Amino acid sequence: MPIGGIRSFTMIVLGLHFGHDASITVIKDGKVLSYLYQERQNKIKHAIGLTDSLLKIALSEAKVDVSDIDYCAITSTQGVELITSDLSLEIDFSAVHKTHAGYSLQEQYSDGEFQASLSNKLFETLYEGTEESQWHETWSKMYPQYKERSREEQSFVGWADDYIKVAEWEQGASFQDLRDSKTELSEVYRNGFHYPVTAFLNGVEIPAYFIHHHMAHAGSSFYTSGFKNAGIITHDGHADGTSYHSGMCYYGQDKHLYPLFPHHLNLGALYDRVGMNLGLGTTGPAGKLMGLSAYGKPRFFDSKFVGNFYDQKNLTSTDINSAWLLHCVKRARAMGYDMTHYRDPAYATAPINADMAASTQKLFEMTRMGVVQILFDKLQSNKLDTKNLCLSGGTALNCPSNSEIYNEGPFTDVYIEPACDDGGLSIGAALVLYHNILGQPRLEEKPYDSVYLGPKVETDAIEEQTKAKADTLNYQRCDDVAHSAAEDLKDNRVIAWFQGSSELGPRALGHRSILANPIYEDNWRRVNELKTRELWRPFAPVVLEEYVEQWFYDAPQHSPHMLFNAKVKTTELPAITHVDGTARIQTVKESEGEYYRVLKHFHALTGVGVLMNTSFNGPGQPIIETALEAITFFLNSPFDALYIGPFKITHREA
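At position 563 of the sequence shown (counting the first as 1) the number is 565 in my numbering, and the numbers step up by one without a gap.
Hint data in this document are derived by calculation from the structure and do not stem from the laboratory. Just so you know, not all the hints are guaranteed correct.
Label-pair restraints from in silico Cβ distances [claimed, not checked]:
1) His560 - Glu446: 17 to 23 Å
2) Asn204 - Asn494: 47 to 53 Å
3) Lys492 - Ser324: 48 to 54 Å
4) Thr285 - Asp481: 49 to 55 Å
5) Glu460 - Glu155: 34 to 40 Å
6) Ser452 - Ser324: 21 to 27 Å
7) Asp493 - Ser55: 37 to 43 Å
For lysine-lysine, the following PhoX-like pairs were computed, each having C-alpha atoms within a straight-line distance of at most 20 Å [what the hints assert, rightly or not]:
8) Lys230 - Lys448
9) Lys448 - Lys30
10) Lys230 - Lys45
11) Lys33 - Lys448
12) Lys58 - Lys45
13) Lys30 - Lys184
14) Lys492 - Lys47
15) Lys123 - Lys143
16) Lys469 - Lys650
17) Lys149 - Lys184
18) Lys58 - Lys469
19) Lys47 - Lys184
20) Lys123 - Lys230
21) Lys448 - Lys591
22) Lys47 - Lys149
23) Lys33 - Lys230
24) Lys149 - Lys123
25) Lys602 - Lys492
26) Lys143 - Lys45
27) Lys184 - Lys167
Here the structure is a predicted model, which is why all the values come from computation and not from measurement. Virtual Cβ for every residue (Gly too), placed ideally from N, Cα, C.
Based on the sequences and whatever the hints tell you, model everything.
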């Protein structure tokens, strides 16, 4: 029987996420039928807004029509309106659709008030803000289309960040206040983060719900975890920690998702700010800062900064992010650091930069662990004796912190979904609607059987694209593509690997990957140069799950999403061992198909069941999606071979 009751009838739910890392999901009876990223279609990294073409592909992959959709779940990034481009979307707030379930906000908003609360902060920033501002620079890269038309010509619907109002949450609470406060499972709160509307999608009327950003994060993690119950923490880089806009703590029980309290963390915003300050970019600096932190020591760390927004606001009259940076610089100068290369990305590993990164990483880890402990204690005090923890939001991509929580935290099992960033919000929103709002029971199995949910690529299409480039490339059909790839890897060739449907989430998980031999130390430098990345940046390994304990420790033995750091047991894997002796592992099992078989053959040939795995893309580009993109990329790259479907492609010598 499904978890939480008996399913009553077939139901198709469409999930739409319009914010950065925009995506579309189609689920049927709680199972994901299709999932697509906007960025992999329009090739704009972290793309904002949805297009009609993406919707058509998503529906085609799911083998449904827009008229088959029973409900639509709509969500977005904080402050980002629903930008529709050529997609026709109209929202009627005036009347509740006859099939809508209950919600708590009718007590809070009178007629028209919810609609009046909608914001369009992105357009305000792009059209009215200064180009020098942080958010203008960031959002203009995610939505460069704003330059092509005026604000009046844009097609959009405002977005809602404010849902249920709770006086205690608005007043704020320090860590100690959170420890001392009472927590309960409230039906009012459970139904307080959605709002019913009627959507007209390409002219088709669909009952729909606006779903709060962090509720969608929580649903994306809990409902895909397989846990019957769990504590849940969501947090990302938005806001300053006031109210629930930067994240919350939840409790998941069967089909229900209970918001417990906002944690008021400022970690994500602070981490991004430090990365930007060190010259690591305005989009995606957190990933680089995480890698850089291993080069330094946390010499600027001060425990007085551990806490949330309300702990920290008493430390300074300015914002806490600036206060932390000023603290680090003052301490560095007092300790006699050479400041010559401070904030110079060409000297990222200089002691001043590396130690600031390491100090920020330690602050991140200690503060995040503090919230984990608070949530655990609150659940225990309410006799909610779960040993399971789900983490979501962009901060859940921080692998050293995830591993610390797994190894030293109070929860036994820790789960992080592969698309824990905003890309997973369309999945989360759809599942929250299906289970928490509409009351449909969960399946015994997970909503998706594998992370490879992207569009299918047929062999005939691959061969057609390959033949079109036959004048510049050699290609051959392999009897055993996995064995051939393993032979190349044994001989220290660097290969591009393109197989089946693309993976879910921001990390390459073996269907759109660059693979290399981890035994040769020089492959660290070599692959960074091939990808035109900074030479100091580390690479991740993929390992046969049955051999993970031979090579790694202090991480979950089952780590399929590349979201935990492990310690490396040996010196035999220098190309994937970071300077602190760790590696961000991905484990694979036999069910992963050809990807697993490459590793098995490589293990048979070398005695090593580990490979270097990095994403199949160029700098600042989305991961490759189609066969044409893969072949075109390879044509202009120095990689030794491309394995695509059953074919091996190499460069034709001049």
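Here is how each hint holds up against the structure:
1. Distance hint check for His560 and Glu446: the Cβ-Cβ separation is about 19 Å, which falls inside the suggested range of 17 to 23 Å.
2. The hinted range of 47 to 53 Å is satisfied by Asn204 and Asn494, whose Cβ atoms lie roughly 52 Å apart.
3. The hinted window of 48 to 54 Å between Lys492 and Ser324 holds, with their beta carbons roughly 52 Å apart.
4. Our hint of 49 to 55 Å for Thr285 and Asp481 is violated, since their Cβ atoms are close to 43 Å apart.
5. The hint said 34 to 40 Å for the Cβ distance between Glu460 and Glu155, and at roughly 38 Å that hint holds.
6. Between Ser452 and Ser324 the C-beta distance comes to about 44 Å, which lies outside the given range of 21 to 27 Å.
7. Separated by about 42 Å at the C-beta atoms, Asp493 and Ser55 satisfy the suggested range of 37 to 43 Å.
8. For the suggested pair Lys230 and Lys448, the alpha carbons sit about 11 Å apart, so the restraint of at most 20 Å is met.
9. For the hint pairing Lys448 with Lys30, the CA-to-CA distance comes to about 13 Å; that is within 20 Å, so the pair holds.
10. A distance of roughly 38 Å separates the Cα atoms of Lys230 and Lys45; the hinted pair therefore is violated under the 20 Å criterion.
11. For the hint linking Lys33 to Lys448, the alpha-carbon distance of about 8 Å falls within 20 Å, and the restraint holds.
12. Taking the CA atoms of Lys58 and Lys45, the gap is near 17 Å; set against the 20 Å cutoff, the hint holds.
13. Between the alpha carbons of Lys30 and Lys184 the distance comes to roughly 38 Å, so the proposed pair goes past 20 Å and is violated.
14. Among the hinted pairs, Lys492 with Lys47 is inconsistent with the structure: their alpha-carbon atoms are about 33 Å apart, more than 20 Å.
15. Proximity of Lys123 to Lys143 is assessed by CA-CA distance (about 16 Å); at most 20 Å being required, the pair is judged to hold.
16. Simply put, Lys469 and Lys650 have alpha-carbon atoms about 12 Å apart, close enough for the 20 Å limit, and the pair holds.
17. Only pairs whose Cα atoms come within 20 Å are accepted, and Lys149 paired with Lys184 is rejected, the gap being roughly 50 Å.
18. For the hint pairing Lys58 with Lys469, the CA-to-CA distance comes to about 28 Å; that exceeds 20 Å, so the pair is violated.
19. The straight-line distance between the Cα atoms of Lys47 and Lys184 is roughly 42 Å, outside the 20 Å bound, and the hint therefore fails.
20. At roughly 38 Å between alpha-carbon atoms, Lys123 and Lys230 are farther apart than 20 Å, so this suggested pair is violated.
21. Proposed proximity of Lys448 and Lys591 is supported: the alpha carbons are some 17 Å apart, at most 20 Å.
22. With a CA separation close to 17 Å, the supplied pair Lys47 and Lys149 stays within the 20 Å bound.
23. For a cut-off of 20 Å, the pair hint linking Lys33 to Lys230 stands: about 17 Å separates their Cα positions.
24. The straight-line distance between the Cα atoms of Lys149 and Lys123 is roughly 16 Å, inside the 20 Å bound, and the hint therefore holds.
25. A C-alpha spacing of about 12 Å is found between Lys602 and Lys492, which places the hinted pair at or below 20 Å, so the restraint holds.
26. The straight-line distance between the Cα atoms of Lys143 and Lys45 is roughly 11 Å, inside the 20 Å bound, and the hint therefore holds.
27. The hinted pair formed by Lys184 and Lys167 meets the criterion: a straight-line CA distance of about 17 Å does not exceed 20 Å.
Hint violations for this structure: numbers 4, 6, 10, 13, 14, 17, 18, 19 and 20, all remaining hints satisfied.
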